[in-house]
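These protein sequence lines are chains A and B, in that order.
For the first sequence, position 175 (counting from the first letter as 1) is numbered 175 according to the numbering used here, and the numbering increases by one without interruption.
Start counting at 1 in the second sequence, then tack on 395, and there's your number in the numbering used here.
Simulated from the structure, these hints should not be mistaken for lab results.
Among the clues, some could well be false.
Claimed, not checked - Listed next, the stretches of chain A that the computed footprint assigns to chain B, with coverage defined by at least 3 CB atoms under 8 angstroms from CB atoms of chain B:
| no. | stretch |
| --- | --- |
| 1 | 41–51 |
| 2 | 381–390 |
Said to hold, decoys possible - Residues on chain B that point at chain A, a partial pick, calculated with CB under 7 angstroms:
| no. | residue |
| --- | --- |
| 3 | 409 |
| 4 | 419 |
| 5 | 429 |
| 6 | 517 |
| 7 | 524 |
| 8 | 525 |
Backbone N, C-alpha and C fix where the C-beta goes; we use that ideal spot for every residue, glycine too.
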Amino acid sequence: MTTTASDLLFDRLIDWGVDTVFGLPGDGINGLMEALRKRQDKIRFIHVRHEEAAAFMACGYAKYTGRLGVCLATSGPGAIHLLNGLYDAALDRAPVLALTGMTYHDLIGTHYQQDVNTDYLFENVALFNQRVMGPAHVENLVDLAVRTALANKSVSHITFPNDLQDVDAKKQERSPMNVKGHSSDQLLHLSRIPLQADLQRAAAAFRGKKKIAILAGNGARDGRAELLEVADRLAAPIIKPLLGKDVVPDTSPFTTGGIGFLGTRPSEEALEECDAVLMVGTSFPYINFLPKPGQATVVQIDDDPARLGLRAPIEVGLAGDAGPTLRELLPLLPRNDDRSFLEKAQAGMREWWKLMKERGTRADMPMKPQVVSWNLDQQLADDAIISTDSGTITT
Amino acid sequence: MANGLPYAIAAQVAFPKRQCVAFVGDGGFSMLMAEMSTAVKYELPIKVIVIKNNTLGQIKWEQMVFLGNPEYGVDMLPIDHVKFAESVGARGVRIEDPQRCRQQLAEALSTEGPVVIECVVDPNEPPMPAKIKPKQAKNLAEALARGDAHRGKIATTIFRDEVDEVTFEESPAGVVSRVADKVGGVIPGNGSKRE
Chain A
1 MTTTASDLLF DRLIDWGVDT VFGLPGDGIN GLMEALRKRQ DKIRFIHVRH
51 EEAAAFMACG YAKYTGRLGV CLATSGPGAI HLLNGLYDAA LDRAPVLALT
101 GMTYHDLIGT HYQQDVNTDY LFENVALFNQ RVMGPAHVEN LVDLAVRTAL
151 ANKSVSHITF PNDLQDVDAK KQERSPMNVK GHSSDQLLHL SRIPLQADLQ
201 RAAAAFRGKK KIAILAGNGA RDGRAELLEV ADRLAAPIIK PLLGKDVVPD
251 TSPFTTGGIG FLGTRPSEEA LEECDAVLMV GTSFPYINFL PKPGQATVVQ
301 IDDDPARLGL RAPIEVGLAG DAGPTLRELL PLLPRNDDRS FLEKAQAGMR
351 EWWKLMKERG TRADMPMKPQ VVSWNLDQQL ADDAIISTDS GTITT
Chain B
396 MANGLPYAIA AQVAFPKRQC VAFVGDGGFS MLMAEMSTAV KYELPIKVIV
446 IKNNTLGQIK WEQMVFLGNP EYGVDMLPID HVKFAESVGA RGVRIEDPQR
496 CRQQLAEALS TEGPVVIECV VDPNEPPMPA KIKPKQAKNL AEALARGDAH
546 RGKIATTIFR DEVDEVTFEE SPAGVVSRVA DKVGGVIPGN GSKRE
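Can you build the whole structure from these sequences, using the hints too?
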């Protein structure tokens, strides 16, 4: 049986551990579909009704598993449909690989059917974004696409001209400089920890502070235990932007839940009154809910150094992964023996939950929406996975 | 909007044995609702709670509270999600009565296979921010005074909520009384006032 360029692509993805692809077939990706058909025992193709859903699914899959999410769409309109889900992944920092078709390699740019330069189109959303030029160009592109997506928690895109998808991999000559087997399908598992001197400066910034708040987003997820220890040491309530919902459970005495128009009153008041903030793995966009510049000393942890100082003027920025960075920071932090700021937040949350119960148990007709969420909350399994849209539904 | 259902499908694909629930509004759900068919096709037992108010709720309240404008272009024709669910081979349940909500949810969650649970709710319940700024109360008052299509029901709903929550420290209801002064003239029973 002939080995095609498409076979090389999916074999390489299987080497990377990919076992699920969300997508919709089309006449611009028949070569890719045939390679998937031949590998259905190794890689599961989930056939959706609209490519936007495929991109959302790849994004959700990446968020829930921490692994690469993969979606597939045909040339032209199929690829265009992916964009919404890909921006979701790019802005929420989920590692996603998008595979698309393009028209025939020697008709690109000639107003041929579905002639959309999908690589140009995806330039704003994909950190890695390349067009396959032949079978010898597949493995090295796949390796770099996957590594880039996983290392940066970003979107990668490979577009594959239609006729090149089923080219016989053996017949195409490679350029003499492209040494066969030069690229590696491995990613080193990084654990990024800031410099010791910066950790010490960060800890010192909390000296003498009595009203400390913690803002923890989805980047803090790998540091749940450490975050709770830090909260205890600093007597600081943990405030959770929407994406940080699952960083610590709402039942923890150390959290005041959400923030923003969809947040709680104790969260809002803690940020209004604090004299120091520790921001961990968050790009929470609503700057008007953050302490006003000059109000509080800000220390920020983010694995992306470019985001340090994004929303608030910082005293110290720590470039590192949340878990290991908090672990290093913890023994250096001064213990805040004044618990009153935390206790006020906790008292506020007891009142808040009473209010939620009142709203969730009303018997009015028509039914109050809070009645549904209140009753659902009490019946879900402990390890249930809940997904929502954003809007009134998230209040 | 629209991501909730595909996320739940992806979650169930990744974790076949865990409970996967989408909690979405009728606006977001209708954008990609055909994917219920995908859940049926792959036998993914997701549970989809559709909060139905036939309104793009957040936008409606933003128009009024942020800008002081009467709501516009936010109503949606009702969709029968129970019939829809059945049409794609899923189960459908409708919950309307708060007294039966708990029991019906329990039954739906323990039903095998994918289920759409349509929850019919009050379209005039405001998604109140935790703390209402005076400017926001003023904007809401202006929006109602300028002739919001549902101003009578909205005003009644807010004032009823306020009465119910007046003993709760954390409720923003106190601030709403300021709205009362501004829109006294448009409350049902007080005659009508137009600018």
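Here's how the hints hold up against the structure:
1. 41–51: With 6 residues in contact (Cβ-Cβ under 8 angstroms with chain B), the coverage given for the stretch 41–51 of chain A holds.
2. 381–390: holds (count 9)
3. 409: At about 5 angstroms, which falls below the 7 angstroms cut-off, the nearest Cβ of chain A leaves the hint on residue 409 of chain B intact, so it holds.
4. 419: Residue 419 of chain B check passes; min Cβ-Cβ to chain A is 5 angstroms, inside 7 angstroms.
5. 429: Hint holds; residue 429 of chain B Cβ to chain A Cβ min 4 angstroms, cut 7 angstroms.
6. 517: holds (4 angstroms)
7. 524: holds (5 angstroms)
8. 525: Hint on residue 525 of chain B: holds, closest Cβ of chain A at ~4 angstroms, below 7 angstroms.
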